[in-house]
Structures are given as structure tokens and as C-alpha cells.
Amino acid sequence: MKEQIEQRLKDLKAEFESGQTMLADLETKQAALRSTLLRISGAIQVLEELLTDAKTSDENNAHSPHPEVFLQPDKA
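So for the sequence shown, this note's numbering puts the first residue at 34; every next one is plus one.
Calculated from the structure, these hints are not laboratory results. Errors might be hidden in some of the hints.
[Said to hold, decoys possible] For lysine-lysine, the following DSSO-like pairs were computed, each having C-alpha atoms within a straight-line distance of at most 30 Å:
id	residue 1	residue 2
1	Lys62	Lys43
2	Lys35	Lys46
3	Lys46	Lys62
As the structure is a prediction and not an experimental result, all values here were calculated from the model.
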């Protein structure tokens, strides 16, 4: 009976250690994933701002009565 208890204790300790290792690995992966998602979120925000700026610029150019006023005359 004592041998069975000792074996069960040994098995449970090994399983516990394995679980702790797995948990640490998952926490590391979670941190890496959070960092990746944060970078992606930042990139999305930048691209959305660029699109908004480009759209505003296009709209301003479309409403300009004479866009050629902004051109430099040739110095020939």
C-alpha cells in the first residue's frame, strides 16, 4: 500500500511539474501574441489615417477650381 501511495505521489508531482512548464510556455506565447496584435493594431491605425488624409487631399484637389495654378511655369 505504501509503495502505491509513493508511486502515485511521484506521478502527481511529475504531472504538476509538466503542467507548470506548459503554463509558463503558454504565458510566453500569450505575451508574444499580445505584442504582435498591438503592432498590427498600430499599423491598422496608421493605414486608416493615411487613407483618411489621402481622401481629404483628393477631395480638396477635386474642389479646386484651377489646379494648374499650383504648377510652376516652365523656364525655357
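A quick look at each hint next to the structure:
1. For the hint linking Lys62 to Lys43, the alpha-carbon distance of about 29 Å falls within 30 Å, and the restraint holds.
2. Between the alpha carbons of Lys35 and Lys46 the distance comes to roughly 16 Å, so the proposed pair stays at or under 30 Å and holds.
3. A C-alpha spacing of about 24 Å is found between Lys46 and Lys62, which places the hinted pair at or below 30 Å, so the restraint holds.
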